[in-house]
Amino acid sequence: MREITYLEAVREAMSQEMRKNEDVFILGEDIGIYGGAFGVTRGMLEEFGPERIRNTPISESAIAGTAVGSALTGMRPIMELQFSDFITIAMDQIVNQAAKLRYMYGGKGKVPMVLRTPSGSGTGAAAQHSQSLEAWVTHIPGLKVVQPSTAYDVKGLLKASMDDDNPVIFYEHKLLYKTKGDVPEEEYHIPLGQADVKREGKDVTIVATAIMVHRAQEAAEELEREGINVEVIDPRTLVPLDTETIIKSVTKTGRLVVVHEAVKRGGYGGEIASMIAESEAFDYLDAPIKRLGGAPSPVPYNPELERMHVPQKEDIVQAVKETLNRA
Amino acid sequence: MTKLSLPENVTNEKLIGLYKQMWLIRFFDEKVDEFFAKGLIHGTTHLAVGQEASASGPCAVLRDEDKITSTHRGHGHCIAKGADINRMMAELFGRATGYCKGKGGSMHIADVEKGNLGANGIVGGGIPLAVGSALTSSMKKLNYVTVCYFGDGATNEGSFHEALNLAAVWNLPVVFICENNQYGMSGAVKDMVKIPDIATRADSYGFPGVVVDGTDMIELMNVSNVAVERARSGQGPTLIEAKTYRWKGHSKSDAKKYRTREEEKEWRAKDSIKRFKDVLIDEGFITEEKAEELKQEAKKEIENAVAFAKEGPMPGKEDLLTDVYA
Amino acid sequence: MAKEIFMPKLSSTMEVGTLLQWFKEEGEEVEVGEPLFEIMTDKINIEVESYEEGTLLKKYNEVDDEVPVNTIIGYIGEADENVPNSAPVPESEENETDKQEEKDTSSVIGEKKEADCENGEKVRATPAARRVSREQGIMLEEVEGSGPKGRIHAMDVISSKELAQSIRHTPLAGKVADKEGVSLENVQGTGSNGKITKSDVLSASSMQVETTTQEPLEHVKLKGLRKAVADKMLESARSIPHVTLTAEVDMSAVVEVRKSLLPIIEKQTGYRLSYTEIIMTATAHVLGNHRKLNAALIDNEIVYNKSVNLGLAVAVDNGLIVPSVPNVQDKGLAELTVACKELGAKARKNKLDPVEMSGSTFTISNLGMYAIEGFTPIINPPETAILGVGQMTDKPVVRDKSIEIRPMMVLSLSFDHRAIDGAPAAAFLTELKERLENPFGLLV
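Protein chains in written order, with the numbering used here: chain A, 1 to 327; chain B, 1 to 326; chain C, 1 to 444.
Check each hint, because a few of them may be wrong.
Stated by the list, open to error - Going by beta-carbon spacing under 7 Å, a handful of chain A positions derived as facing chain C:
#1 Y152
#2 G254
#3 S279
#4 F282
#5 D283
#6 D286
#7 L324
Read the hints as simulated data drawn from the structure, not as lab findings. Computed from a predicted structure; not experimentally measured. Backbone N, C-alpha and C define an ideal beta-carbon position, used for all residues, glycine too.
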């Protein structure tokens, strides 16, 4: 199979869909001739023209609302939010409009749109351009939330998101854009709500999202050398959440460590931990559930501080050992 | 037969229907007012009594495929776009037979098939949606126009400015109708906006802004018609400011301390329904008797709607989780 | 002035004594050296003689009371002297605080245990451990947790179950037991090493049926020496992680040695040399090279002993006592034979002095007179190891690629894994085997 980057996989998924489906278009800031802040739409203006690669004013509320309105009337928009932090400005349109219209209207109308947005720290962009705010949107019934971690996943999940008749918030991780992986050339579909067991193990389950999937796998390799056999699960979509796979794994291992980059307090890890505590797996828990997340501070600028803000491989190794009383 | 200048698509028959429609709007809201006062329906509601012309006028010139977005004070817009008042009333009664199966209530009545993209509980929330709808029309070359209703308060929201600017730069087929009823919840427009006419805000975005007497049905139809045709022919958006007045308070339990009885009296004197009736009689479209007959028909239809609403079943537990996702 | 009667401390490990009987009533005259009362310690029953003469004025304790050492249990004095109505607290301040603390701890533990049993809430255990305990019917209160703050994990419950169930049985016996509803704990095994077989289960099952229809069973309360042995065994089994190693020893050479020395020693001492003494000599010799096995584990400290004092487990009526043979490393076989025979005789007559039962540094338990191959002896704390000696039997063994019949004997070494690891224990047992197979090494 051919290797391409995560970023190229995103672009390829959109391009393939747009070639087939006239209703699909992209709108966002600087996505035209500039190719998007991270270059995701580079070259697409040339192929699809300004009608379908719609460069917008810096108006997140209008971009989001326009996407919702066009979706409600028959289009399938993809809106690119330049940084996921800017969802604050688009929030009314996402939370009060996109998520709720169908329900408020008694099941009439649908909002098939994808909000793609890069999130996460590690680029030195500091507090307003580095956040991981996915937990905010997971709280809103009516939205689906996707967080792919690999080039393969991002293409299949974006295809599924574009096919979905609901508003999907699609988080791309900035540091993953340049990572490579085997990606089929043809289109494929990874169902929303299907977790992926990235590594099988029997001693401890790690549920990790986005870039933390990679750190968890690195930690698992290190732990393997010490005879600790870790299972790494990437939920891939937070809403809907594949609870079954996680419950099954925790029932097997009896131990759970949840890792995400988002600030731990109020993060989605709490949801996963609670879900397990309420589930069948409770009776199989043989250690307290551990959560690792961002520090309770804004994301700092200084690279060392920035690194300290988010869980690193060593933190994951330590957490796993703690659940095994081997720390 | 008439020296009255009217849009082409407003036929004599339609004019008579519009007169009845205005009474339907008024009776609907008055009935709702009564039921709220009696505690027969719960939640909250916002009445547009006095604003019948600004609802009916723009819709009068629309085609079936044209669309509207509405506001929290939106019963009139719904009726003007042809909604079934039975299902509207049922919705206010929270019945499964309502437009939204009892899940939306007063602020969220929508009839997507008939082109009503929905009332909106967020001030200014519907404006970007209208722009999106206009974008669909433009991209799919569907040639429909979207009329976007909002109040004076919404024009101080960021979404108003963002959406109007975007509609302008993309030259979209949308008509923005600002029903300036002089007050937000309690804030007078003169205290909230420094310029005398909201319509002049359109200048900032590079399209026409027009001020119109919001109680003058004929003028509203004509001005709207120009804007709608402009949009339909690809010349972009227009902002119409209809100066009007809400006779009732903002919502239930409003002591209206922010305004005077004298002011209310002045505006009630400019009753849009009466003004429209006078024109229709003067111009020989109807007689006084016919006008009364239409009014009574409207009253009767509202009574029937109430009966329909009360008969409808309540939604059940099984409805709680449906329609969250498509 | 009246003199206190104390609960004597008769050994370094004795903390309490159980009052078995008073030989005198209040008001009776007592001579110095006259037996005044009998107590049971953790090792033996003993009659305590009076240190004073006079009238027994007061007895504060009754039979079966467990009394901490140095506690005043009565007074002897002039017939008309006044003594306190209740036992005074000992004068020594040190003792007082000690005792107070002791009391505090014991009452706290008591409360905790009660609360635990009542609702199970105060046990720190994971959900999985709780589930396993439910499923297996194990009280969490009886499980030792390996996690932080004693948190019980699922494995702890399983291990505790395995410990409790370290009952060897054939797979078929297990199935039959399940089917018949017989608990294997109540079945006597007749297979090798006490392994429970199908027929054992079936006979137990029929006995179970019988017992339900039979006369009420005889209940005998554990007391005296039986109770002392029971407590000691329980404490040892509970607190010491035991590991048992076995090695089979070719006793041909030892048989020869004994044959040669027997008449000599008998002539010299009047006692017949037994294999036990030879094994003791070899053990003492090898222990000199393996200090860890001749040690004590006391309060998280390993104490290495200089001399080799061998405890000899002796079966007596209703119990087991362990007299100690001091300085075995310095004793020749004749001297050792005398010491062993005399101690054994005293033990069987219950005439041992406390001093003769204390100070052992390593214990040997010999079941060679029975049809026992190997077994898992329980350590005599604070010692760190114990050697079990099995029956010597002729067995076919391979020597120089041909089968020969040799007298073979199994040695079973249990050791405290907290103090000793497997490798050093195995090294000791291996060297002991070599020494017995080539006893000339003892002369080196």
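Should the hint that A:S279 touches chain C count as held when the rule is a Cβ pair under 7 Å? A:S279 check fails; min Cβ-Cβ to chain C is 11 Å, beyond 7 Å.
Evaluation of the interface hint that places A:D283 against chain C, nearest CB under 7 Å: holds, 4 Å
**When the least beta-carbon distance from A:L324 to chain C is tested against 7 Å, hint result** = violated, 9 Å
So, as I understand it, the hint says A:D286 touches chain C; can you test that by seeing if any CB pair is closer than 7 Å? Holds - the Cβ of A:D286 comes within 7 Å of chain C, reaching about 4 Å at its closest.
Would you check whether A:G254 satisfies its interface hint, that is, whether its CB is within less than 7 Å of any CB in chain C? holds, 5 Å
Just to be careful: measuring from the Cβ of A:F282 to every Cβ in chain C, is the smallest value less than 7 Å?
Cβ of A:F282 sits 5 Å from chain C, so the hint holds.
Once the shortest beta carbon distance from A:Y152 to chain C is found, is it less than 7 Å?
violated, 35 Å
Hint violations for this structure: numbers 1, 3, 7, all remaining hints satisfied.
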